[in-house]
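Trainee: Residue numbers (this note's numbering), protein chains in the order written: chain A, 1 to 412; chain B, 1 to 274; chain C, 1 to 297.
Worth double-checking, as some hints may not be accurate.
Stated by the list, open to error - Short, incomplete list of chain C residues facing chain B, as computed with Cβ under 7 Å:
(1) Arg9
(2) Arg34
(3) Gly105
(4) Pro118
(5) Gln185
(6) Ala253
Think of the hints as simulated: they come from the structure by calculation, not from any bench.
Cβ coordinates follow ideal geometry from the N, Cα and C atoms, glycine included.
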Amino acid sequence: MLRTASLIVASLTLCAAFTSNAQAKVTVSISCSSLGIEMELCRDGAQAWAKQTGNEVKLVSTPADAQERLALYQSLLASKSDKVDVFQIDVVWPGILARQFLDLNQFIEPGKQDGYFQTLIANNTVDGKLVAVPWFVDAGMLYYRKDLLDKYGLKAPETWADLETAAKKVMEGEKGIEGYVWQGRAYEGLVCNALEWIVSNGGGGLLDNAGKATFNNPQATAAIDRAKTWIGTISPQGVLGYDEEQARGAFQSGKAVFMRNWPYAWALVNAPDSPIKDKVGVVPLPKGDGDKAVHTGTLGGQSLAVSKYSAHPKEAVDLILYLAGSEEEKRRAVKGAFNPSLKSVYNEPELKNDAFFSTFSKILESIATRPATVAGKGYNQFSSQFVRAVHATLQGQSTAEDNFSSIRTSWK
Amino acid sequence: MKMVGRIGFYLLVALIVFYAVFPFYWAVVSSLKTGSALFTADLIPASPTLENYIALFREQPFAHNILNSAIVAIVTTVISLGLAATASYALGRMAFRGRTAVSFLILSVSMFPQIAVLTGMFELIQVTGLYDSLSGLILADLILTLPFSTWVLTAFMGELPRELEEAAIIDGAPPLRILTDVFLPVMAPALVATGLLAFILAWNEFLFALTFTLSEEQRTVPVAIALISGAGGYEIPWGRIMAASVIVTAPLILLVLALQRRIVSGLTAGAVKG
Amino acid sequence: MMRTLAGRRALTAWSFLTPMLVVLALVAGWPLIRTIILGFTDAGLGDFAESQFIGLANYRGLASDPVWWRAVANTIGFAVISVTIETILGLIIALTLNTHLKGRGLVRAAVLIPWAIPTVVSARMWGWMLNDLYGVVNAVLLGLGVIDKPWAWLADPVLSIASVIAVDVWKGTPFMALLTLAALQVLPREIYEAARVDGVSPVKVFFQVTLPLIRPALLVAIVFRSLDALRVFDVIYVLTGDNPSTASMSVYARQQLIDFQQGGMGSAAATFLFVIVAVFATIVVTAGRLKVGGVAR
Chain A
1 MLRTASLIVA SLTLCAAFTS NAQAKVTVSI SCSSLGIEME LCRDGAQAWA
51 KQTGNEVKLV STPADAQERL ALYQSLLASK SDKVDVFQID VVWPGILARQ
101 FLDLNQFIEP GKQDGYFQTL IANNTVDGKL VAVPWFVDAG MLYYRKDLLD
151 KYGLKAPETW ADLETAAKKV MEGEKGIEGY VWQGRAYEGL VCNALEWIVS
201 NGGGGLLDNA GKATFNNPQA TAAIDRAKTW IGTISPQGVL GYDEEQARGA
251 FQSGKAVFMR NWPYAWALVN APDSPIKDKV GVVPLPKGDG DKAVHTGTLG
301 GQSLAVSKYS AHPKEAVDLI LYLAGSEEEK RRAVKGAFNP SLKSVYNEPE
351 LKNDAFFSTF SKILESIATR PATVAGKGYN QFSSQFVRAV HATLQGQSTA
401 EDNFSSIRTS WK
Chain B
1 MKMVGRIGFY LLVALIVFYA VFPFYWAVVS SLKTGSALFT ADLIPASPTL
51 ENYIALFREQ PFAHNILNSA IVAIVTTVIS LGLAATASYA LGRMAFRGRT
101 AVSFLILSVS MFPQIAVLTG MFELIQVTGL YDSLSGLILA DLILTLPFST
151 WVLTAFMGEL PRELEEAAII DGAPPLRILT DVFLPVMAPA LVATGLLAFI
201 LAWNEFLFAL TFTLSEEQRT VPVAIALISG AGGYEIPWGR IMAASVIVTA
251 PLILLVLALQ RRIVSGLTAG AVKG
Chain C
1 MMRTLAGRRA LTAWSFLTPM LVVLALVAGW PLIRTIILGF TDAGLGDFAE
51 SQFIGLANYR GLASDPVWWR AVANTIGFAV ISVTIETILG LIIALTLNTH
101 LKGRGLVRAA VLIPWAIPTV VSARMWGWML NDLYGVVNAV LLGLGVIDKP
151 WAWLADPVLS IASVIAVDVW KGTPFMALLT LAALQVLPRE IYEAARVDGV
201 SPVKVFFQVT LPLIRPALLV AIVFRSLDAL RVFDVIYVLT GDNPSTASMS
251 VYARQQLIDF QQGGMGSAAA TFLFVIVAVF ATIVVTAGRL KVGGVAR
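Using the sequences and the hints given, assemble the complete structure.
Mentor: And the structure:
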């Protein structure tokens, strides 16, 4: 009897020891945006996970500016710091930071990946290693003034030629308004715009899977040359210095008919104090000419990765999978208009019946990705050379063909 | 004729003030606007609101950030002035071999772009265990303030007449006493000017503060401003940022106002004969 | 060494100098040496240990890169024009503030504002103000009838360089003004009294008396302002981005270091920048006949 009792006590103690070990509180640090609603959503989601699993989360703020954030990440990772476990990374960073992150293929069951858009998974996979889980997505879209197009009996443009005609017509009729504003400054935003022009004209995706340049073809150069004709006619000269916020500023203060921008602008142009509230429509960007022309948008957005120096990799991955899970993604979509990376979430009633989300999911089907993963660590260099060539063309310094030929052709 | 000169003079003053202050005025005006009003060029806000200021302190520990900035700036300035004053006494008033070489060595520290020394400094900060601390920042900012403080004070020190120290030397005062009792009081304008510039430099320093601190408790104001973000990743909440800039610049202006009364103009009469 | 007067003086000098030198060596020594050494390797960002010594390869790469030389030309042109304007404006402002002006303190504080606003903010603020469609600069100019249609301050190749210089001048003039003012204020008033009694014109007094006396302080201010101008980054990058026609050497170096993760190349560019700055500084110091470490007359 005593022996049974002691056996029971022993096994109970052992059980207690095991369970208490399994429930040891772990603090996971996550860097996911700094402030505002983006931070709130991240914090609420992370804390929900913490409550559910009995762990703790710590939010680490990093700058909103992509350049500065990348530099900070690199400092942290280069010093093998374990101060941040989960990193929110831009869609063009997997290639650059791949060596510093864990291969998530080893932590996620194979089936679970299929729920995400394949383009996103492919974008985040470097040499067979899944560097990050896609979290939310962005794509370039065309915003337009519904009221002005209606006034002149125009429909939302299907092709770039349509856009040019529509813009000119409205500009003739209205005073002090420009036609089309977009991001023309010499920075990453221009790469996004240029990619859209090229892909929408059937000019290919800049680099092929082997890292060889494919952009010096007639369709691509024609696309850039067309954009050049906009400057001074339907786009103000100043567009060559615009970034996202400046284009939005021009559009939102009623000084432009069309704007190319990311989804974030939607909530802002429809804000209560916006002069153009309820007057804006949004469609996929126009397509070009030729049989390979498509409606497209450049892929933007963020993914979540785990540092290989993290002290708690298992919990960190668990946090990522929760945040990028369907429940959480739907909550973020509804509350903050963060476009989900999971296909299934778009079928939820709240999103399916919303005009903005359904337009967006259409764009996702033919989305254009920048060749960041193919170029790997060399992506920033490619982007820099490409942007300079495009910007020089737009400024009238030589033709697109000539400027493209100055870019290196092999990027692996 | 004199009247014209007078008017012209005051016009010049007005122009100078306008040129310097207008963007700040614009910052103040913008900080009182929200939302779409920021995209208008109204010189006086149509419906001013303090929303940005309130939100600024509500959304982050801004007061704490200001305190951090103040600590870093004050300590850096004090250390810089102290070290620079002693060094400038040697460089500016004593003849010794290697003086020119040392001066150039000091100057050369300021010739590297900040970004280049960043990684090296980062390693240094980590090795000394000063990562994510204000002390680490103070140490790092010294690389920015020491060279010019030394050079400026040396230039002023070197121009002061010999007669000043001769009396003290004859009295047998030790060099340190000569420095503190004779030269520093006379160099007050230079000390104040250098101190102000060093203070502002440390106060506004961004790159080191961003890289060498991580937690909110250690954050300084420029980094806090850079972290202010809007609803989406791309939105730049101008109103908040302008409010932050106004709050951040105001103490500096007050500091200047407070200090400039202490600037003694020129050598006090009677200190030098003939 | 203690036996001679000169020796004893040297000992005193070094004892006064050492505290500052020790701190500077501690803080700057490792980072600067590391940068120079890295310039001779093919290091990426952060993998110092795995890098290889490649001699002058990075420097050869720089020397043959037209983008680098364009950056050098941009930077030097920018620095020369900016600093010249800032010096002259600073001098004018300092002279104005050195008078018995009512509200002198307020004006002095006002003048310092551009220097006091953090660069991360003021550069973006100017970008906002210079926007061609909704910026206040165009609004005011159009309203006053100075221009008839909006100018693209940050997009037009010529205007963008002018804008960048204008913003830097706005920011840097207080530095020059403050140091020049301090120099003016330590001048003994007796000199002006004497000149006035002799009936010498104020202009002559300025050029023949004042200017030579403030020359050392003025030159130091010019040297340091030039160092800053040659290392300029924020103003150029925030306003014009990655545009070769306005990019500075710092923009190039930073791009190599951070964007391209080329630690070796970036450090080489930084060291090259350092050499150019050193040459520039030497020219200014020699031409201005600045006594480096002056001993009082």
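Trainee: Now look at each hint and say whether the structure bears it out.
Mentor: We went through each hint and held it up to the structure:
no. : hint   : verdict
1   : Arg9   : holds, 6 Å
2   : Arg34  : holds, 4 Å
3   : Gly105 : holds, 5 Å
4   : Pro118 : holds, 4 Å
5   : Gln185 : holds, 4 Å
6   : Ala253 : holds, 6 Å
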